[in-house]
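Asker: If you read the sequences in order, they're chains A and B. At position 185 of the first sequence (counting the first as 1) the number is 185 in this note's numbering, and the numbers step up by one without a gap. At position 87 of the second sequence (counting the first as 1) the number is 87 in this note's numbering, and the numbers step up by one without a gap.
Worth flagging that the hints you see were computed from the coordinates, not collected in a lab. It is possible that part of the hints are untrue.
[Stated by the list, open to error] Listed below are the simulated SDA-like cross-link pairs for lysine to any residue, each with C-alpha atoms no more than 20 Å apart in a straight line:
1. B/K369 <-> A/N309
2. A/K369 <-> B/K369
3. A/K369 <-> B/D283
4. B/K369 <-> A/D310
5. A/K369 <-> B/A254
Number of protein chains: 2
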Amino acid sequence: MVVPDSDVPPQHTGSVQQTPVHLSPLLTDLYQLSMLHGYWHHGMHQQQAVFDLYFRRSPYGGGYAVWAGLENALEYVEQLRFGTDAVRYLESLNLFDAAFLEALRGWRFSGRIESFPEGSVVFAHEPLLTVTAPLWEAQLIETALLNTLNFQTLVATKAARCVSVAGGGSVIEFGARRAQGPDGALSASRAAFIGGAAATSNVLAGQRYGLPVVGTHAHAWVESFPDELTAFRAYAELHPASTTLLLDTVNTLASGLPNALTVAQELRGRGTELRAVRLDSGDLAYLSRRVRAALDAAGFPDVKIMASNDLSENVIQSLISEGARLDIYAVGTQLVTGGGEGGGALGGVYKLAELDGQPRMKLTGDPAKTSLPGRKRVWRAHSSHQQLAWDVVSLGSQEEPPSVGERVSDPANPLRRSRLPAGLSWENPRQTVMEAGRRVTAPEALEDLQRRARGECSRLPEGTLRLLNPHTYRVSLSADLQTAREQLISRLEDGLGDTDSGTA
Amino acid sequence: MVVPDSDVPPQHTGSVQQTPVHLSPLLTDLYQLSMLHGYWHHGMHQQQAVFDLYFRRSPYGGGYAVWAGLENALEYVEQLRFGTDAVRYLESLNLFDAAFLEALRGWRFSGRIESFPEGSVVFAHEPLLTVTAPLWEAQLIETALLNTLNFQTLVATKAARCVSVAGGGSVIEFGARRAQGPDGALSASRAAFIGGAAATSNVLAGQRYGLPVVGTHAHAWVESFPDELTAFRAYAELHPASTTLLLDTVNTLASGLPNALTVAQELRGRGTELRAVRLDSGDLAYLSRRVRAALDAAGFPDVKIMASNDLSENVIQSLISEGARLDIYAVGTQLVTGGGEGGGALGGVYKLAELDGQPRMKLTGDPAKTSLPGRKRVWRAHSSHQQLAWDVVSLGSQEEPPSVGERVSDPANPLRRSRLPAGLSWENPRQTVMEAGRRVTAPEALEDLQRRARGECSRLPEGTLRLLNPHTYRVSLSADLQTAREQLISRLEDGLGDTDSGTA
Numbered sequence: 001m002v003v004p005d006s007d008v009p010p011q012h013t014g015s016v017q018q019t020p021v022h023l024s025p026l027l028t029d030l031y032q033l034s035m036l037h038g039y040w041h042h043g044m045h046q047q048q049a050v051f052d053l054y055f056r057r058s059p060y061g062g063g064y065a066v067w068a069g070l071e072n073a074l075e076y077v078e079q080l081r082f083g084t085d086a087v088r089y090l091e092s093l094n095l096f097d098a099a100f101l102e103a104l105r106g107w108r109f110s111g112r113i114e115s116f117p118e119g120s121v122v123f124a125h126e127p128l129l130t131v132t133a134p135l136w137e138a139q140l141i142e143t144a145l146l147n148t149l150n151f152q153t154l155v156a157t158k159a160a161r162c163v164s165v166a167g168g169g170s171v172i173e174f175g176a177r178r179a180q181g182p183d184g185a186l187s188a189s190r191a192a193f194i195g196g197a198a199a200t201s202n203v204l205a206g207q208r209y210g211l212p213v214v215g216t217h218a219h220a221w222v223e224s225f226p227d228e229l230t231a232f233r234a235y236a237e238l239h240p241a242s243t244t245l246l247l248d249t250v251n252t253l254a255s256g257l258p259n260a261l262t263v264a265q266e267l268r269g270r271g272t273e274l275r276a277v278r279l280d281s282g283d284l285a286y287l288s289r290r291v292r293a294a295l296d297a298a299g300f301p302d303v304k305i306m307a308s309n310d311l312s313e314n315v316i317q318s319l320i321s322e323g324a325r326l327d328i329y330a331v332g333t334q335l336v337t338g339g340g341e342g343g344g345a346l347g348g349v350y351k352l353a354e355l356d357g358q359p360r361m362k363l364t365g366d367p368a369k370t371s372l373p374g375r376k377r378v379w380r381a382h383s384s385h386q387q388l389a390w391d392v393v394s395l396g397s398q399e400e401p402p403s404v405g406e407r408v409s410d411p412a413n414p415l416r417r418s419r420l421p422a423g424l425s426w427e428n429p430r431q432t433v434m435e436a437g438r439r440v441t442a443p444e445a446l447e448d449l450q451r452r453a454r455g456e457c458s459r460l461p462e463g464t465l466r467l468l469n470p471h472t473y474r475v476s477l478s479a480d481l482q483t484a485r486e487q488l489i490s491r492l493e494d495g496l497g498d499t500d501s502g503t504a
Numbered sequence: 001m002v003v004p005d006s007d008v009p010p011q012h013t014g015s016v017q018q019t020p021v022h023l024s025p026l027l028t029d030l031y032q033l034s035m036l037h038g039y040w041h042h043g044m045h046q047q048q049a050v051f052d053l054y055f056r057r058s059p060y061g062g063g064y065a066v067w068a069g070l071e072n073a074l075e076y077v078e079q080l081r082f083g084t085d086a087v088r089y090l091e092s093l094n095l096f097d098a099a100f101l102e103a104l105r106g107w108r109f110s111g112r113i114e115s116f117p118e119g120s121v122v123f124a125h126e127p128l129l130t131v132t133a134p135l136w137e138a139q140l141i142e143t144a145l146l147n148t149l150n151f152q153t154l155v156a157t158k159a160a161r162c163v164s165v166a167g168g169g170s171v172i173e174f175g176a177r178r179a180q181g182p183d184g185a186l187s188a189s190r191a192a193f194i195g196g197a198a199a200t201s202n203v204l205a206g207q208r209y210g211l212p213v214v215g216t217h218a219h220a221w222v223e224s225f226p227d228e229l230t231a232f233r234a235y236a237e238l239h240p241a242s243t244t245l246l247l248d249t250v251n252t253l254a255s256g257l258p259n260a261l262t263v264a265q266e267l268r269g270r271g272t273e274l275r276a277v278r279l280d281s282g283d284l285a286y287l288s289r290r291v292r293a294a295l296d297a298a299g300f301p302d303v304k305i306m307a308s309n310d311l312s313e314n315v316i317q318s319l320i321s322e323g324a325r326l327d328i329y330a331v332g333t334q335l336v337t338g339g340g341e342g343g344g345a346l347g348g349v350y351k352l353a354e355l356d357g358q359p360r361m362k363l364t365g366d367p368a369k370t371s372l373p374g375r376k377r378v379w380r381a382h383s384s385h386q387q388l389a390w391d392v393v394s395l396g397s398q399e400e401p402p403s404v405g406e407r408v409s410d411p412a413n414p415l416r417r418s419r420l421p422a423g424l425s426w427e428n429p430r431q432t433v434m435e436a437g438r439r440v441t442a443p444e445a446l447e448d449l450q451r452r453a454r455g456e457c458s459r460l461p462e463g464t465l466r467l468l469n470p471h472t473y474r475v476s477l478s479a480d481l482q483t484a485r486e487q488l489i490s491r492l493e494d495g496l497g498d499t500d501s502g503t504a
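Generate coordinates for the entire structure from the input sequences, incorporating the hints supplied.
Answerer: Listed below in structure tokens is the structure:
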């Protein structure tokens, strides 16, 4: 997917010899380059570093996330090089030694990346992706990794939430016009599909990612004809096998519905069936019941009803609870921007865990922001019913699964401890996806990622999918890791007097 | 800016002969192409159409917006072509006639675009941009126009809001890692600068758009050295003239501050000055006062204090009201995603206003969503003190400015009428930016757009900049336009019986 086919013949793009935005080495914060410069200057850049990428809170106040964006992140890392123009630009900033800039030309990512497979269900506080590489390699890729994985995980999770409450109805992504930039739209379409969206309206996403594309018509279509019936007929004439009619340009019940019924009859007379009608304003629960009843009464029980107009998982849930009769939910703005309660961004972070064989951590005044030091491993338990049951983060040196009765602790609150129960089967849910800078797993089809996400969502403990105040899926620290963390905190705090508290 | 210099030598991108995402004709919703097909099939595609782009509510519950993204939108429209691969993809969908696909190869935008200049302050309900072109040209570009202009206007407005409460402090954009995709980050950096951000951390945005880039260092820098003081010294050694030290890796007051003071003294001994310190956690109001006092007492009144950590215009305002002593506000997530109250997306729409000489409108059950029919003109009044005072949308045929005493009405509520006062000077704030498909205005420097935005914000009526419940800037419909709208509504409603109301 890095190298899609050209849209225009080469002669049209002859002068557009640019690195695509998403592959540029400059897609980074300046401070990464300043730090690289420093590490290089002080001869530290080749020290082996371990960084973990994780988030501290599930998006939207929910209880899980769907991990997405990995494929794009790996593409980015694998091909990353500093070409002449990037170096020339950095030179123009007058911030960097010439010898450092020369060294950048030899920069390659040569490290290892472990990650949950894309489409996995993941939780707060566990290392989702771990980079092991020379310090200046691991540091540089932080911004792009976070940019790609934060956003796609946010959108995939939103899609999964919409699907989880749609009661078997389809969710489709209709957000291109409200997405955050052209590539934001494209990434959003991809991520929404992984999270469970059945299709997108974004044609470019269809082309680039092979996603199913769908669409109806706009109000402008109806307004372009002398009257609505003429407009509906004209549309159906052209797309007899795939006609969805938008009912609300004039008035949904008084005009759109009877005209759609007329066209449905006419289509049937010609041997095809109207596919769907779309409601885009007004009281969707009420209108959908009226429209369903009218379609059924007229002998069209198979015509689907699609809803649009600022939908979100909360709106879908509320429509269903009010008895709406909807088959397809076209979700736009809220899906592609990851909008809503606690939304808009996933606060994923990328923290140094080990350098040159020594565990590292960020302390700070805020305990919830204290990172987990050292190389770690994630263990995931399934119950005997194949339900996901418990994730444990252990020291990387722990080669055996957690044991029954082990006392584990809450990552955000070490006073909350539990003993691991019997009856769990443990596995390592992460895999090595890059080794020596080269990908070692094949790209997966988006359909497979969607299938993985759907499968894992269906195996979550009851209540975990709930939109608000969900059951908290257990993520714990192993006893050894908790001990190691406390020891490092004590060492770092030694000798600190004054504190950062405003009440001190 | 469409054709930035290459980052890598051509041989590296030889196989990446793709149209950049933001220039593809497939960056559109499928239904646009379905409608184009239909217009073409029914011989309507060359009918002259007028579409208006506008929004119905200012973002974030505020009273204005800063218009941004125009340059990118015009670049897109001017170069838009259907190349072989785009056509081949559309062919593969089996939705379109071969003759239509052949016709698409000849598709060009040949129309006119009028718009507020980029960086203008704009308001709800007024046509911000008007496209006059053959129907199939005007229809196709809807998705890309909305995508580009909605998002950049959202971010530029957020930046302006942050600047408006920063009391002379600088706002800088630090959001790349939380932005919505790589290009979302780039667009956001551009728009934030227009809205008043002084600089960005995004190096790619620096290169592509010539923006000032800034940065400090991360916690990982400190953790990579044996201790914080060593880390600070190492950083200052490399960037003596531009050192900003992050204070909270261990403990802001107990460790970061005294170590920064040591380094500040050492730098001064070598003839340079520490530039700034950065606070990234804890009670920023309290910590900034303590740090300011310590810096002042030690003889460093010119060292700036920068704050980061989930800032927004509301947080900045609250910090200042609590007596924080901050000079630089690094705003990330909230700025680049346009997050917060009513944020996440600007609900800009693009509505057909006239076709083939006849006014058109969307009626629907929701009066606030009823569009303004016909060709229109925008008039903007300045008071004698050069304050922006009043915007009036009139019929396009009105060649004279609105007159004193004219009865104008509220776009969302025709019952709210006012008479235009004396003492106003009227002008046409929009300009023709594209004619016959070619741009007729030169691209403007981003500094000029920022200057325009800052100037217009400073000339808004008192209270309009307020973050919440601002003074409502007057935007009215001329008497003639209101009459024309009512007549068309009556005509459309003729003969409608049943209604869409849930209580009917």
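Asker: Confirm or reject each hint.
Answerer: For each hint, the structure was consulted:
no.: 1; hint: B/K369 <-> A/N309; verdict: 12 Å, holds
no.: 2; hint: A/K369 <-> B/K369; verdict: 45 Å, violated
no.: 3; hint: A/K369 <-> B/D283; verdict: 14 Å, holds
no.: 4; hint: B/K369 <-> A/D310; verdict: 13 Å, holds
no.: 5; hint: A/K369 <-> B/A254; verdict: 18 Å, holds
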